[in-house]
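Engineer: Take a look at the letters that make up each chain.
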Amino acid sequence: MSEISVEKYQALARQTRVRVLRMIHRAQSSHVGTSLSAADLLTVLYNRVLRLDPARPDWPDRDRFILSKGHGCAVVYAVLAEKGFFPRDWLETFYLDGSHLPGHITRSVPGVEASTGSLGHGLSIGCGMALVGKREEQPYRVFVLLSDGECDEGSTWEAALFAPHHHLDNIIAIVDYNKIQSFGTVKEVLDLEPLASKWQAFGWATREIDGHDFEQIEKALLSVPFEPGRPSCIIAHTVKGKGVSFMEGQLAWHYKPPNDEQLAQALAELGVFG
Amino acid sequence: MPQELPLREAYGQTLVDLGRENPDIVVLDADLSSSTMTHFFAKEFPNRFFDCGVAEQNMVSIAAGLAASGKIPFASTFAVFAPGRCFDQIRMSIAQPGLNVKLVATHGGISVGEDGISHQSIEDLSLICSLPGFTVIVPADAIETAQAVRAAAASFGPFYIRLCRPKVPLVYGDDYRFNLGKAVTMRQGGDVTIIAIGILVAAALEAADDLKREGIDCRVVNMPTLKPIDEEAIIKAAADTGAIVTVEEHLEHGGLGSTVARVVARHRPVPMEFVAIKDTYATSGKADELLQRYGLTAKDIGQAVRGVLKRSG
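Chains as they are written, first to last, in the numbering used here: chain A, 1 to 274; chain B, 275 to 587.
Hints are computed from structural coordinates only; laboratory data are not their basis. Remember, predicted model here, so these are calculated numbers, not experimental data. Be a bit skeptical, because a hint or two may be false.
Said to hold, decoys possible - A few chain B residues that face chain A, going by a derived Cβ cut-off under 8 Å, partial list only:
1) 292
2) 332
3) 335
4) 336
5) 337
6) 367
Quick reminder that beta carbons are idealized off the backbone N, C-alpha and C, glycines included.
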């Protein structure tokens with residue numbers, strides 16, 4: 001895929017955030033903070049890194065992307081719609097009765113590889129896909145986006161043991177480390193530090209980046225695998241609610257929809273008026 | 275006495291045959307392959323066998339990833355661990371997306387014996403039958419096991435097959451043909467129907483022999499496919515015989531008895547009795563001692579039949 005300027009990334013990510021806010025405002029439900037913290041990572045993944053064909057969501061050689069933190073579905077649905085996996089007007093039905101886009105990411109949606117929402121499943125599912133890719137020498141890679149909170153789950157670490165044992169250098173774990181989980185900061189609820197050392201010790205070639213710095217995101221994602229024969233882990237330091245001043249770093253915006261006034265203010269900050 | 279064979283061995287050997295026939299068959303285990311007998315497959319197809327270690331949750335979701343990549347994964351461990359240990363993974367990773375994963379759990383029921391309650395799975399059928407889209411099979415002997423495993427491989431969708439630990443007497447001959455979703459009338463009879471699954475089908479046949487001597491004419495039905503259950507066979511049994519006794523090595527709650535009762539209540543209410551483990555956990559002991567202690571023998575089935583006949587008038 002061709003090069004993209006930082007300005008272009010910024011514009012794409014802004015557009016995605018606008019869509020996410022509108023979806024969640026319309027639904028008056030869903031997880032806004034986690035969707036916004038992952039928006040920049042997804043912008044780079046879907047516009048520069050993942051080898052995909054929206055017209056053929058089941059193309060065998062496609063890269064796999066798994067949102068293991070299934071509650072952040074709004075931002076993935078927004079990006080998939082932008083890329084043309086399904087009509088954009090589906091976004092208007094997000095979370096609503098009979099919608100194609102159910103709460104928590106669901107495999108029935110074109111472009112979605114795995115249903116998640118109960119945390120700690122995505123990395124294991126990704127390992128299964130990576131295992132087939134490796135054994136059959138298929139070209140695809142498997143990218144799994146995890147939340148920091150789901151690093152509390154024991155099953156995440158079961159998968160973390162498995163991938164290096166089988167030398168799955170075609171799987172990449174990305175931790176959206178926004179430092180806030182459901183009802184408290186990571187530090188208060190169950191401290192993960194030293195997080196990078198843990199992944200490293202489990203056998204993952206690990207790098208830490210600023211998850212809102214497009215140059216750093218792109219550089220990391222384009223250099224995988226970081227070491228041949230080992231899975232790669234990217235700890236992306238992010239800000240929950242990124243892009244909307246009154247949501248940034250605020251626990252309250254883990255699961256809270258904006259009202260009309262808050263939406264207008266948020267959109268204004270993103271350059272959309274009226 | 276009929277020949278006794280372990281169901282697990284029939285499973286393990288059938289996997290090898292399937293592996294030879296279909297390169298998409300892959301097998302996972304959680305550090306128990308010599309007990310679940312997936313080790314036969316591991317030996318012949320080391321490249322298509324994945325020992326996940328003592329990490330059943332991971333194993334189940336990996337199986338989902340393999341199925342999503344076009345493979346036909348068979349994942350095995352003890353029934354207390356799958357579905358017991360990793361119900362959430364089975365629910366989300368396999369059942370909800372309807373993926374083509376075959377869970378084959380061994381060591382079901384109290385016939386596990388001396389290893390005690392941590393290893394006696396008496397809740398697994400209730401758990402797994404609660405999941406929409408799962409097909410659930412409880413084979414009665416080694417011959418049925420081999421064919422059920424083949425049927426699971428040949429049908430798309432999530433399957434759960436429950437096997438037991440001990441050797442089990444053959445109740446079928448080599449000419450038996452397993453039909454997915456169909457009950458098997460093992461013996462015709464007009465006074466009462468005994469519907470049994472798994473290891474206790476042999477006990478049900480023994481009970482029917484004993485009752486015959488008392489002049490009670492029992493129909494014996496094996497219900498190897500617990501879900502989706504053969505409603506037609508149940509309704510016919512109720513209509514023809516007017517009383518039903520269900521027999522299973524599982525808690526009374528949520529297994530064969532409750533499923534049959536639901537069909538009977540809706541379509542053809544008749545008196546029923548339930549030979550099953552009551553609301554309790556078992557102790558340690560030899561398999562036959564435990565089956566006796568918890569009321570799962572031919573004698574107990576006989577008592578239940580006499581009881582239900584009193585109520586059916």
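Engineer: Now look at each hint and say whether the structure bears it out.
Structural biologist: Now for the hints, and whether the structure bears them out:
1. 292: violated (18 Å)
2. 332: With a minimum Cβ separation of about 4 Å from chain A (threshold 8 Å), the hint on residue 332 of chain B holds.
3. 335: Hint on residue 335 of chain B: holds, closest Cβ of chain A at ~3 Å, below 8 Å.
4. 336: holds (4 Å)
5. 337: For residue 337 of chain B, the interface hint holds, since the closest Cβ of chain A sits about 6 Å away, which is under 8 Å.
6. 367: holds (5 Å)
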